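*Asks:* As given, the protein sequences belong to chains A and B, one line each in that order.
Taking UniProt numbering, the leading residue of the first sequence gets 1, the next gets one more, and so forth.
Taking UniProt numbering, the leading residue of the second sequence gets 1, the next gets one more, and so forth.
What the hints contain is simulated information worked out from the structure, not anything from laboratory work.
Take every hint as true, because none was put in to throw you off.
Remember, identical chains collapse to one label, so a pair may be satisfied in a single copy or spanning two.
Under the rule of at most 27 angstroms between Cα atoms (straight-line distance), these lysine-lysine pairs were calculated in the DSS-like manner: (1) Lys415 to Lys369; (2) Lys118 to Lys548; (3) Lys467 to Lys548; (4) Lys393 to Lys441; (5) Lys415 to Lys234; (6) Lys548 to Lys125; (7) Lys262 to Lys234; (8) Lys294 to Lys234; (9) Lys294 to Lys262; (10) Lys441 to Lys16.
Every value quoted in this text rests on a predicted model; they were computed, and no experiment measured them.
There are 2 protein chains.
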Amino acid sequence: MSHPHPELSAPAPLEKGALRVIPLGGLGEVGRNMTVFEYDDRLLIVDCGVLFPEDHHPGVDLILPDFAAIRDRLDKVEALVLTHGHEDHIGATPYLLRERGDIPLVGSELTLALLGSKLREHRLKETVHHVVREGDRISFGPFELEFVAVNHSIPDALAVVIRTGAGLVLHTGDFKMDQLPLDGRITDLRAFARLGEEGVDLFLTDSTNAEVPGFTTSEQNIGPVLDRVFHQSKQRLIVACFASHVHRVQQVLDAAVAHGRKVAYVGRSMVRNMQIAHDLGYLTVPPGVLVDAKDLAELPPERQVLVSTGSQGEPLSALSRIAQRNHHFVHIEEGDTVILASSLIPGNENAVYRVINGLARWGANVVHKGNALVHVSGHASAGELLYCYNIVKPRNVLPVHGEIRHMRANAELAKATGVPADRVVIAEDGVVVDLVDGVAKIAGKVECGYVFVDGSSIGDISEASMKDRRILGEEGFISVILVVDSVTGKVSGGPEIHARGFAEDDSTFDAIRQPIIDAIDQAIADGVDDSYQLQQTVRRVVGRWVNKTHRRRPMIIPVVVEA
Amino acid sequence: MSHPHPELSAPAPLEKGALRVIPLGGLGEVGRNMTVFEYDDRLLIVDCGVLFPEDHHPGVDLILPDFAAIRDRLDKVEALVLTHGHEDHIGATPYLLRERGDIPLVGSELTLALLGSKLREHRLKETVHHVVREGDRISFGPFELEFVAVNHSIPDALAVVIRTGAGLVLHTGDFKMDQLPLDGRITDLRAFARLGEEGVDLFLTDSTNAEVPGFTTSEQNIGPVLDRVFHQSKQRLIVACFASHVHRVQQVLDAAVAHGRKVAYVGRSMVRNMQIAHDLGYLTVPPGVLVDAKDLAELPPERQVLVSTGSQGEPLSALSRIAQRNHHFVHIEEGDTVILASSLIPGNENAVYRVINGLARWGANVVHKGNALVHVSGHASAGELLYCYNIVKPRNVLPVHGEIRHMRANAELAKATGVPADRVVIAEDGVVVDLVDGVAKIAGKVECGYVFVDGSSIGDISEASMKDRRILGEEGFISVILVVDSVTGKVSGGPEIHARGFAEDDSTFDAIRQPIIDAIDQAIADGVDDSYQLQQTVRRVVGRWVNKTHRRRPMIIPVVVEA
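Based on the sequences and whatever the hints tell you, model everything.
*Replies:* Printed below as a string of structure tokens:
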């Protein structure tokens with residue numbers, strides 16, 4: 001099994017007749033999926049998603065794939081294929097289109113509709129769309145594409161086949177193999193089998209659940225659980241789930257009808273996405289069940305169902321505000337029931353449990369995946385992946401979509417079905433894999449950093465800023481300001497000492513004022529007249545003092561101002 | 001069911017003959033367990049633990065119970081009972097003893113031995129110890145105590161019975177009901193039954209796992225899994241677990257012997273605790289299996305087992321350093337096996353997965369509770385709690401040890417066994433419960449905040465500092481420094497603008513320098529000569545600009561220095 005090595009250098013130019021795979025996101029993390037394929041000096045991109053930041057990237061809104069490796073070749077991009085409509089697959093598209101607006105966008109009807117509403121929000125209008133469906137074949141330059149139905153936690157997901165002179169690539173996108181999905185649209189294993197018989201030279205497979213033994217439970221199994229909770233509930237019901245989970249919402253609508261309740265959507269993305277899904281026929285809304293949130297509030301509690309965003313504990317979401325009794329019209333009461341029909345994304349636990357505890361404090365009954373089967377994953381577990389490998393019998397495997405632990409587990413599954421270990425390639429973001437003469441091999445490494453979106457800035461915030469934020473957030477800072485007379489070159493004011501996140505009381509610093517003045521006087525007496533050196537003197541004196549007296553390491557910011 | 005209400009006021013003085021329960025920690029959170037019992041103007045404390053901070057309390061080392069409510073009555077404390085030796089039950093004891101050093105300490109042999117080593121670290125020596133064991137009875141003032149064996153994830157844990165004129169209280173401490181524990185010391189349900197027949201007026205029960213259906217798996221079931229992993233492993237084995245989990249380490253030692261391997265402890269607390277457990281006979285070390293870490297390194301990899309701390313992803317722990325190939329003598333290699341034989345405490349997921357991914361990156365095989373039965377909980381699940389309630393048949397119930405969601409789930413279990421709803425009291429930290437004439441009722445609320453330990457300071461860091469840290473950590477800061485001539489009262493220097501965690505480039509601020517000067521000139525022309533008002537002017541100008549141009553909200557720190 002090939003491993004990424006830190007010592008990898010830039011890849012050599014691609015051999016004639018070979019295919020290059022350049023992962024720019026999603027390999028080594030769950031999110032910002034983006035893979036570039038290069039053949040005959042032309043490029044094809046599969047997915048362009050965002051990564052939601054965790055604790056290591058405080059204050060950041062979004063993390064984008066790094067376009068640097070293809071920035072000077074964007075004119076060579078034949079198309080961007082979107083496998084499905086989740087944010088981690090489509091969310092960075094507006095940022096790519098800002099760099100080249102006329103890249104043809106290829107995807108299923110629902111995927112492109114969800115993307116379209118996002119592009120409108122970003123005021124991007126003049127885009128080129130190609131709606132495709134399972135079975136369709138379409139070529140872009142040297143890339144002959146074919147699409148295969150896959151089942152996922154959003155309707156209308158597609159795997160993509162890429163045929164070039166270098167061979168056949170099958171990229172699953174995100175998928176699972178629910179054998180009784182709500183819409184009857186199963187992952188097309190007959191197509192996988194046919195492609196396998198033709199010969200799959202490189203198989204890119206979703207690793208997210210490769211560590212999970214067995215099989216992902218069917219979405220259908222949630223229905224009876226919802227039914228039981230609805231049956232037991234005597235008051236208002238609130239169901240939180242992802243705003244794109246059309247089938248989950250479908251089951252809530254059906255349960256509401258069965259129990260004589262009405263439903264209102266809460267949260268902008270929920271309202272918007274369900275409207276799109278309904279308009280396109282992916283969501284069946286029984287007549288009369290859906291009402292406006294304000295009209296719902298007029299009904300008695302036992303007839304109300306709210307379908308809400310905020311299942312990950314997002315602090316500004318409707319559900320968080322409800323948990324704090326801070327929502328403008330939903331007032332949670334003892335005996336209300338809240339269902340978190342959602343996953344718990346690692347890193348969000350504290351936020352989600354804060355919401356659950358908030359709801360429980362008011363006496364609400366909270367049902368969540370920890371105490372009832374109200375969520376199933378959207379990804380194939382180990383058992384399903386084994387089926388895939390045995391049906392496809394790929395010649396080379398590149399696990400995608402996951403942290404390194406997921407990709408390794410996926411690689412082990414491939415090997416267990418007989419794929420030779422040297423044909424299973426583990427590559428992280430930026431590690432380039434070439435398919436040459438039917439063999440996949442690591443060819444080098446391209447630049448691939450984190451690109452942070454923070455407020456209106458894109459890519460201006462660096463890892464150094466992140467590190468500063470982490471120090472400031474853990475330790476606070478102490479700033480020490482000295483004024484130096486620009487004529488005499490002597491200290492004429494200060495030290496003014498300010499601290500935040502460090503201690504409450506400015507008198508804390510009385511003890512260090514004189515030592516700072518003494519140190520500066522000494523430095524000046526020693527002939528130091530450079531303000532950088534004076535600042536370093538201050539930093540040293542204050543740093544030693546604070547470490548000795550407080551056993552802490554706040555950021556120390558000495559400022560010497562001339563006046 | 002009684003609920004805490006925000007409008008609760010201070011409780012009236014305690015009625016003659018009544019018992020008061022004052023929870024100072026652990027009710028509403030998992031950690032810093034501490035409950036004070038008051039009878040006839042005398043106090044008894046059960047446990048005095050620490051809480052480990054999560055994301056809402058950045059940079060804090062520890063959180064203590066708030067002693068404020070009893071600070072002026074510490075002379076009335078008859079004893080501090082420690083139910084077992086975990087940090088969340090004993091960890092704050094040194095801080096309490098700093099306030100009154102001669103409080104008698106009561107606990108089992110192992111508990112007091114672990115506490116003793118902690119007190120020595122804090123240089124507290126002259127303490128009063130009473131070693132007790134199951135079945136013992138001992139009185140402190142009006143409190144007649146009896147101890148009952150309970151099973152937990154550390155040996156020698158005790159439940160405590162408190163008899164006063166107000167009735168009989170049974171406090172489980174942390175416990176579960178493993179029916180086949182490694183040391184054969186089961187939770188003594190015969191004693192629970194006998195106490196129930198006598199009549200338990202108030203039952204305080206561990207809520208931690210009340211949301212978990214069914215029964216906690218026996219510790220014994222881990223043995224065969226370890227055996228299989230040891231059997232499959234052809235190289236070095238590293239097992240990480242809690243440093244107090246004597247029985248988990250026992251099973252690792254036994255597996256090592258069975259597979260011809262030697263064991264070394266890594267991590268200061270692991271070495272220290274296992275020495276104590278061994279000295280007191282709680283850990284059986286087969287002859288010759290234990291070696292020094294340096295001697296272990298001399299053996300071939302297939303004969304090495306390291307038992308390490310760091311199972312929660314603590315960044316400075318041995319395991320984290322191993323995962324970064326940054327440890328001074330353990331160099332992780334492809335094919336090594338790492339077992340995380342530990343829980344995953346909510347909030348630690350990112351840190352733990354970073355360690356797992358780090359290990360996987362070097363090719364290690366990582367076994368953890370997500371993919372194998374290498375951990376069982378130390379707490380009674382719902383099924384066990386039902387047994388308890390049915391055996392004890394308590395007259396009043398106060399769920400303890402848990403977040404509000406856990407306490408509510410525990411309350412529901414009590415009610416399901418027939419405890420009347422109005423005899424199940426939900427109280428959070430500081431909410432005082434009185435047992436009067438055999439009925440438990442909320443009596444009011446005492447002060448009970450978070451007390452932060454940060455470096456060498458205890459309680460100096462306030463919630464305001466925490467809020468500052470959260471803002472600094474998410475957004476960074478911009479400081480703007482102006483010098484005002486103390487003679488003329490005019491601006492004579494600046495604005496100097498510095499930012500950290502905000503943007504890389506100081507030229508970002510060129511656009512705002514002149515507007516600041518203009519605004520200050522205008523303010524001075526308008527007669528403003530107060531430096532606070534000038535600072536507010538700067539704050540307003542910079543705040544508006546940064547929000548408009550960057551869509552962010554960094555902390556803005558205007559400083560006006562006189563020189």
